[in-house]
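Chains as they are written, first to last, in the numbering used here: chain A, 1 to 330; chain B, 331 to 660; chain C, 661 to 1024; chain D, 1025 to 1388.
No wet-lab data here; the hints were simulated from the structure. Take these hints with a grain of salt, some might be off.
[Stated by the list, open to error] Some but not every residue of chain D turned toward chain A, in silico, with C-beta under 7 Å: (1) ALA1143; (2) GLY1277; (3) LEU1373; (4) LEU1374.
[Unchecked claim] From chain D, some residues computed to sit far from chain C (all C-beta separations above 10 Å): (5) VAL1047; (6) LYS1049; (7) LYS1060; (8) ARG1061; (9) VAL1080; (10) LYS1244; (11) PRO1360.
[As the list claims (entries may be wrong)] With a straight-line cut-off of 25 Å between C-alpha atoms, the simulated SDA-like cross-links for lysine to any residue are: (12) D:LYS1183 / A:ASP57; (13) D:LYS1233 / B:LYS565; (14) C:LYS958 / C:LEU946; (15) A:LYS231 / C:ILE1020; (16) A:LYS286 / B:LYS565; (17) D:LYS1214 / A:SER28; (18) B:LYS588 / A:GLU289.
The beta carbon of each residue, even a glycine, is placed where N, CA and C say it ideally should be.
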Amino acid sequence: MATETATRTFTMVQAVREAMQEEMRLDSSVCILGEDVGPRGGVFLCTEGLYAEFGGDRVIDTPLSEAAILGAGLGMAMNGLRPVAEIQFIDFLFPGYDQLYSEIAKMRYRSAGMFKVPMVIRGPYGGGVRGGVYHSQSPEELFAHVPGLKVVIPSNPYDAKGLLISAIRDEDPVVFLEPKRIYRAVKSEVPEGAYTVPIGKAKVVREGTDATLISYGAMLHVALEAADRLKNEGKNVEVIDLRSLVPYDGEAILESVKKTGHAVVVVEAPKLGSFANEISAFIAEKAIEYLEGPIMRVASIDASVPYNIEKYYLPNADRIVQATKKTLEF
Amino acid sequence: MATETATRTFTMVQAVREAMQEEMRLDSSVCILGEDVGPRGGVFLCTEGLYAEFGGDRVIDTPLSEAAILGAGLGMAMNGLRPVAEIQFIDFLFPGYDQLYSEIAKMRYRSAGMFKVPMVIRGPYGGGVRGGVYHSQSPEELFAHVPGLKVVIPSNPYDAKGLLISAIRDEDPVVFLEPKRIYRAVKSEVPEGAYTVPIGKAKVVREGTDATLISYGAMLHVALEAADRLKNEGKNVEVIDLRSLVPYDGEAILESVKKTGHAVVVVEAPKLGSFANEISAFIAEKAIEYLEGPIMRVASIDASVPYNIEKYYLPNADRIVQATKKTLEF
Amino acid sequence: MAAPFKPFTDTPIGYVDNDGSPVAKMKPTLSDDQLKRLYGLMVLCRAIDDRGYIMVRQGRAGFLAQTAGQEASQIGSAFFLEKRDWIFPSHRELGAALTKGMTPGQLLAHVLGKDLDPAKGRNMPSHYGDGELHIVSPSSTVGNKTPAAVGVAMAAHIKKSGEVSMCYIGDGATSEGDTLAAFNLAGVFKSPVIFAVQNNQYAISIDAKHQTASRTFAEKAAAFGFDGYLVDGNDVVACAEITKFAIDRARAGEGPTLIEFLTYRYGPHSSADDDSRYRKKEELELWRNTRDPITRMKKYLTRQGLWDDAAEAKLQDEVKAAVEKGLAEAEASPLPAPETVFDHVYATLLPHQIEEKIEIFGHA
Amino acid sequence: MAAPFKPFTDTPIGYVDNDGSPVAKMKPTLSDDQLKRLYGLMVLCRAIDDRGYIMVRQGRAGFLAQTAGQEASQIGSAFFLEKRDWIFPSHRELGAALTKGMTPGQLLAHVLGKDLDPAKGRNMPSHYGDGELHIVSPSSTVGNKTPAAVGVAMAAHIKKSGEVSMCYIGDGATSEGDTLAAFNLAGVFKSPVIFAVQNNQYAISIDAKHQTASRTFAEKAAAFGFDGYLVDGNDVVACAEITKFAIDRARAGEGPTLIEFLTYRYGPHSSADDDSRYRKKEELELWRNTRDPITRMKKYLTRQGLWDDAAEAKLQDEVKAAVEKGLAEAEASPLPAPETVFDHVYATLLPHQIEEKIEIFGHA
Ligand SMILES: Cc1ncc(C[n+]2csc(CCOP(=O)(O)OP(=O)(O)O)c2C)c(N)n1
Ligand SMILES: Cc1ncc(C[n+]2csc(CCOP(=O)(O)OP(=O)(O)O)c2C)c(N)n1
Ligand SMILES: [Mg+2]
Ligand SMILES: [Mg+2]
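Start from the sequences, fold in the hints, and give me the full structure.
Rendered as structure tokens:
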């Protein structure tokens, strides 16, 4: 008789915390480091209770330096631990970007596999919380373009837990971005105990035949809102949650686009140079003969994120609907 | 009677040096800072002789810190100077990336225009010189995706001088990348005295009707080599030198692609997330109805740059020819 | 210049002790009028700070990092700066911004993200900036302003403009590599820059002991070849005197100075923080009840015969009026127009931005 | 532990003076055999270094950063490390890599980018690494290895493994923010890490005076709460003794140590440099002719009655044979297969890489 696994309605914060907690119980090499992750429990409480349970050797409050956090995590990973480094806001990773770009990402390659870096770099990202210029950014492209890094972005608590467990168990460094706008706003059922969601597999969140919306993170929900509206206008839109950016699930994208003939990619980053381009270019290279309209990108405007008039900066359902109609009516 | 302007056959190093020298003579607020830019003249000799001519207040040797170089340049630019910051190899910008990403790029925006940053960040980039993992990279995308920065990449000495003068005179920060592989290998006629090449204008380097190759920097020359080979096989290929990445010349791209119906974008960066995607996605959004084949990307492989087997890493004319045929024969 | 202060002391330099008595050996050079102005600024600062807090509670401000408790170290350190001098505030420098010349209306408009904010509400609250006054709109990224503060000073030196650059950093910010690299740069170029370390003893939940193993923050200057001074940051007289000394040195070409202002913040780290998770109420009460910079200065002025109930009543009225006026101005100010979201990314709109703007707003 | 050394001295700690006489007060704890081994390693190191230089001249190596002149500081500092200990070399640590156990064959194969290089020629020459020996293949990015060196030490501390982490940085590298942030981290966690500052007095063309305004590099440690020692880096006995002291302290849980090795490089910065642009020939000659670490040690050993012409002749033969053998091995080793260009980006090839690989090589 199969054992029943309890399932709870969790926020993303709870899911992320539980993934770390369970992995730390299972594997004594898993540890956490970052700013205010100890007694404070992290500024979003993602590590709440973990210091009490695992102590200061495994839940490590560091001085205020992202280069120190990332570099220390790298050293710990090379020396047998599996660190999960929390960056308080992903915007603040950049004083430590070189640690990621030059060191963490390239360690395995430059040593021809002699040294490996099983490490997770996680942190909240994205706008919609009145965070202004430096508490709102979506810099995923700046990680995705660095060979050696994997990049994962969940859109809901279930995936967050399963993907984070996969990331912690991965042999390579994984940048794990948590859309803070839906840290608490989106809930889902989350089973107790370890389960994994594979890195590199997208999910068709809504089936449709007329066009394919491809998105991830908080924008997925905006895309779904747009899909709802389009439905009301009789357009049956398929929505894909990419979940992993590196590697991304090219097959899932092609399968859908070949069926619908129309693609709209929705990201929260500023448009120029954004990860939307990767998806668009991939489709334009692999499936152009199936397309019945332009591949549209919906993104933030090419500016920084202003505190007070942020809503004109971010993509919204309106803009997605318009873009979708533009390709549909082509 | 018009005055004759002397023209010399220059390397890119000479062109870059002369642009700085002439601007420094014309405008006393222009100054240089970086590692070994003083008596040493820069490791590639781009600032040779300038310390002797302008002294240590205008050609400033800094301690070994890119954050200090970039941040100091920012402060100098805010306080009335026009600094040209040399990064010894662009790979080494990353310890100072936050200065570029969070400070230089965003200063004007976050202050609503109260503070401006007329500053140039220049440095050698790219492979093909046996530089290994850290003296060979092409990270232009990591600058192009940052709103507030302009990004310029010349492919020959004439453009290098004219674009660098434009960059120095620009009111905004400009990242100016110099393909070190052709620092001395490509020569061209360079007139004496100040002239500008406008930022944001591409150049059709070779006219053709069958397909459009879009490239910049050192790869432009590889694209031209591929165009030669294709010519031998009876294919008439147009080649566009982008010259500026931000802003880029969308009109020139569309005009050509609408004519040829085929686009191949060639960059030296690793493919995933590269700037080739921006161009491809732009075409796929604006001109899909003109396309008669997939939009191809030719780029480096998704790895770091190995010292010893670099040639398998970089794009070459073969791969460009193949990609072009693939879309032509579609 | 004969140095009235000793660098790298273990005991903070002070002029006025906790109960408002003058410290025997230290005679202020400040005039009576200056002493009273310092006090007045502190009271006004606290009132504006309180007002910001109310705005947060009302849901009209999305964030606030309160200054309360740190008035002396911020106002004292900014007091002798001239208009041409530069300030690089951090995310908590209400007092410095006020002292440098921002009006209550501008400061409160900033908290509300309104048009009257010189930076047009681009930044989160508590990130004060003003181009005219050379108050550099800060990023939130802790520590990374420090190299630019040195750069401004390097330019001042090159231009022989006599400007001084004042860089505010927290105790936490001293751990960032960019801060330390900037210290080194300033040492090499003997730049006219002052590093004003606001040691409020916490970086969110991390106390100073877990931030660094050095005994003081002041002594870090020695690693970069210049002097550091430890000062009682709740003694506004000491804060002003030591900073005047450092400003004079900077203008005289004697290079950078680091000043550690030992102080304490009363509020949580910010409106988003819960400080009960990491610090004891008793500690807070100790500082608030026995070391408050405003109370202390009031006692001092009174003892010196410079202050009485009437003066206090008058000040309170003035402060109240100033805050009310500022509030009215801030409230009356509109939000910036939506279209301005595209402005100031570059000096002019680039082609791709024009296209985006048309897409979103229907016009360029 | 009773400290035989004083931190933060102005005069470098030394055991053997320039002409090979013992410094009166300093009695080595090293055995005769250890003294001779140190000398032998230095001679071997110089010979391998010379051989690399020939390869550059022959066009067979694309780059080299020579070690000549710095043998004592590199070999002395690495001498007491155990296999389990970690080295983070910089771009010039031939001596340290050799002492830790890499063979002449591996070292020369690295210079040629051959398969026998444990890192398979991925890095430019002079970036030695070996997984087995815990020699961490370095990046070229100056200074940025330092946080990871602390991280390795933090893990050692957590795992109670007793490992020590030895981090080599140049004088120039001390200006990088990441280096300084790492110092601070090590101070807070009292990590078993040693920062071995190879002060060869230049960072390419920038001399130490223009690198920092502190009097010594050693004193920077004070800013982060641990001790720094200034040592004669051309005195291999002193280098070994002081490092042994630091290693013992680290293993005993007494935290980090910074050691400044005052030394000099003979060659230009690298094979791509022209040092006549920034330093005087006389300065170089002074160091090479009167302070050479190898000559000095030979005189010392001779004076101590531990060395004679026969011993020297035997050593020279051994060294020559070892280099010839290494060279033969390196030359016999193939270049890595082209297809390996895709290996080790990740633990396994990702789908998009497989596709690229098929595109380029016709197979996965
Ligand atoms: C680079 C960076 N990392 C993390 C943060 C999040 N953060 C904001 S303020 C703060 C603490 C700052 O402490 P301190 O410098 O002492 O200044 P205080 O807030 O005490 O005035 C932290 C960690 C940030 N803003 N920037
Ligand atoms: C971050 C970074 N900036 C610049 C360089 C270029 N560079 C290589 S070595 C070097 C000087 C290093 O000096 P030092 O640390 O004293 O070591 P040394 O070469 O003297 O052994 C420089 C500037 C680099 N490799 N990395
Ligand atoms: Mg603080
Ligand atoms: Mg050096």
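Tested hints:
1. ALA1143: 5 Å, holds
2. GLY1277: 14 Å, violated
3. LEU1373: 10 Å, violated
4. LEU1374: Constraint on D:LEU1374 satisfied, holds at 4 Å.
5. VAL1047: For D:VAL1047, whose nearest Cβ neighbour in chain C is about 28 Å away, the distance exceeds 10 Å, so it holds.
6. LYS1049: 28 Å, holds
7. LYS1060: 39 Å, holds
8. ARG1061: Holds: least Cβ distance 36 Å, greater than 10 Å.
9. VAL1080: Since the minimum Cβ distance to chain C is about 33 Å, D:VAL1080 lies beyond 10 Å and the statement holds.
10. LYS1244: Answer for D:LYS1244: violated, closest chain C Cβ roughly 4 Å.
11. PRO1360: Fine: 35 Å to the nearest Cβ keeps D:PRO1360 off the interface.
12. D:LYS1183 / A:ASP57: OK: D:LYS1183 and A:ASP57 at ~9 Å, within 25 Å.
13. D:LYS1233 / B:LYS565: Distance ~61 Å between D:LYS1233 and B:LYS565 Cα, so the pair is violated.
14. C:LYS958 / C:LEU946: 18 Å, holds
15. A:LYS231 / C:ILE1020: With Cα atoms ~23 Å apart, A:LYS231 and C:ILE1020 stay inside 25 Å; holds.
16. A:LYS286 / B:LYS565: 23 Å, holds
17. D:LYS1214 / A:SER28: 22 Å, holds
18. B:LYS588 / A:GLU289: 17 Å, holds
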